[in-house]
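Undergrad: Each chain, written out:
Protein chains: 2
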Amino acid sequence: MNADAFIAIDWGTTNRRIFRIENGVAQAFERDAKGILAISSGGFEKEICLIRDRHGKLPLVLAGMIGSNRGWIDAGYIPCPADIEALAAAAVFPERDIAVIPGVSVTHGSRGDVMRGEEVQLLGAFAAGWVPGSAFLCQPGTHSKWATIERGALRDFTTSMTGEMFGLLKSHALIGSEMQGDVDDDPAFQAGVAASADKDLLAELFGVRAAAILGLRAPREGASYVSGLLIGGDCRARLPLPGQTVHLLADSLFARLYSRAIDMVGGKAIPVDSEKAFVAGISEIRKNMK
Amino acid sequence: MNADAFIAIDWGTTNRRIFRIENGVAQAFERDAKGILAISSGGFEKEICLIRDRHGKLPLVLAGMIGSNRGWIDAGYIPCPADIEALAAAAVFPERDIAVIPGVSVTHGSRGDVMRGEEVQLLGAFAAGWVPGSAFLCQPGTHSKWATIERGALRDFTTSMTGEMFGLLKSHALIGSEMQGDVDDDPAFQAGVAASADKDLLAELFGVRAAAILGLRAPREGASYVSGLLIGGDCRARLPLPGQTVHLLADSLFARLYSRAIDMVGGKAIPVDSEKAFVAGISEIRKNMK
Chain A
374 MNADAFIAID WGTTNRRIFR IENGVAQAFE RDAKGILAIS SGGFEKEICL
424 IRDRHGKLPL VLAGMIGSNR GWIDAGYIPC PADIEALAAA AVFPERDIAV
474 IPGVSVTHGS RGDVMRGEEV QLLGAFAAGW VPGSAFLCQP GTHSKWATIE
524 RGALRDFTTS MTGEMFGLLK SHALIGSEMQ GDVDDDPAFQ AGVAASADKD
574 LLAELFGVRA AAILGLRAPR EGASYVSGLL IGGDCRARLP LPGQTVHLLA
624 DSLFARLYSR AIDMVGGKAI PVDSEKAFVA GISEIRKNMK
Chain B
374 MNADAFIAID WGTTNRRIFR IENGVAQAFE RDAKGILAIS SGGFEKEICL
424 IRDRHGKLPL VLAGMIGSNR GWIDAGYIPC PADIEALAAA AVFPERDIAV
474 IPGVSVTHGS RGDVMRGEEV QLLGAFAAGW VPGSAFLCQP GTHSKWATIE
524 RGALRDFTTS MTGEMFGLLK SHALIGSEMQ GDVDDDPAFQ AGVAASADKD
574 LLAELFGVRA AAILGLRAPR EGASYVSGLL IGGDCRARLP LPGQTVHLLA
624 DSLFARLYSR AIDMVGGKAI PVDSEKAFVA GISEIRKNMK
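Just so you know, the protein sequences line up as chains A and B, in that order.
If you read the first sequence in this note's numbering, its first letter stands for residue 374, the second for the next number, and so on.
If you read the second sequence in this note's numbering, its first letter stands for residue 374, the second for the next number, and so on.
Among the hints, a few may not be true.
One copy or any two copies: either way a pair holds, since identical chains are not told apart in the list.
Here are the simulated lysine-lysine pairs, PhoX-like style, with alpha carbons at most 25 Å apart [claimed, not checked]:
no., residue 1, residue 2
1, K543, K419
2, K543, K572
3, K641, K572
4, K572, K649
5, K572, K660
6, K543, K660
7, K407, K663
8, K407, K419
9, K430, K649
10, K543, K430
No lab work stands behind these hints, which were simulated from the structure alone.
Excised from the complex, chain A in its bound form (with noise of 0.2 Å):
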């Protein structure tokens, strides 16, 4: 067995990722739905347990909801700025050659925003060279996460609950029957983007229900126009300069819609790809704590 070798677990709420990392690269990967809600109470030895079985007797980091009071042992969160050396050392150890991560929170007055797992990311995206030490990043998901890197440290960051808002609406608003078809970056997408410059959400949903009433929509159009709206209206709230560069840790999907929403409100975004960074990001972490 490799000394640089160990086992990385981006654990969140549903779902988990699993890498088997040797010299900072993957060489074993897998994912799976055992998020840590999925895990009875104590159960979390026996889980590490059968990983060792598949990916050998290594060390592990954990990162993600793992490290919530949710999860297996609460990490807390270290404040911004907040870089890999800092994460390194609050990193907690529920048994030995077990380091669990904690998130990252910020505030501003009576305001205040945390983020726990995303921070691997981004840091990662930064540790691997592939944005600059000051840089915008998005990471688009049930919870985006819009964060500003400066001298390779987390400074700030907002999260705006774009897909769990898409979620909610199309499972359990009255418009729901109306968001129809898929997503994707086609024109209806497009035009949900455009609206959201009015910057009036909670009309332009219901405008949904009466452009159907009213058959001035398509109902299979439903759905992209909608994300439109909500990806559009997250974009506009959040690049705070013309031509603002965003270095997007995203999937296909996501990463098209992003792109093209960031393009259309005047930004350019390049994409990074979110798996590496990972594994950048948690390389990075175990080097500083050793």
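Following the hints, put chain B in place on chain A, whose structure we already have.
TA: Here is chain B on its own, set in the frame of chain A:
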């Protein structure tokens, strides 16, 4: 039985309000949960019989979702500008002496809006002389209506899914567990209205969770704060001019919340009794049908 007596019903999706009106004055009133969704197919005739058993064999004038494609008979929509005369002229009659009022629609290019039921109250407030012939009105609710009346006709309006969004968030969102306490015009509500100035709803909503995790806000303040965010954003998006007068058709709690929010964003709210406005509007519509 008086010759000027009739039964008016504001028959919505989940509730209905029944008025026996004589010479323009409500002499009897009932409210129950027998909205159109609670009436089985073909059940409206029987309901009408039961209502006439209680209130007398009088003519009926029905408004609201009863006239939608999910109600008793589809009364369609008349376009803006829409006045009392136009509503009366477009009424449909499922049976002799039973009139169902249409809704009102407005379109601007590919965008549109619809209302059904609110038009009676909005135009009734004008018919009764409680608002001038040119006025700006707000009727808060699940789907808040903001309407412009010009020369006694509805000229334009916007619907915001403010109330529905509050319910969605409380029942189904991750921040639902943070939305504790009662909603009222309290400091948390006012903080929400102030925060809505950022016009960044999706980030402010996630901030409710972050504030709870970081201990920045007491859990019992969550519901009021979110209500302030939503209602504040609704008022900011809608008030076109500083000092704008808004005629507010609202009940006690909504009246308090919207009055405060309208005031905080620079407008001036004037309360109008929404039940009396309905009675005035439906009486005027009936007069014009004769």
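Undergrad: Against the structure, test the hints numbered earlier, and report the numbers of the ones violated in rising order.
TA: Checked against the structure, the hints that fail are numbers 1, 4, 5, 6, 7, 10, while the rest are satisfied.
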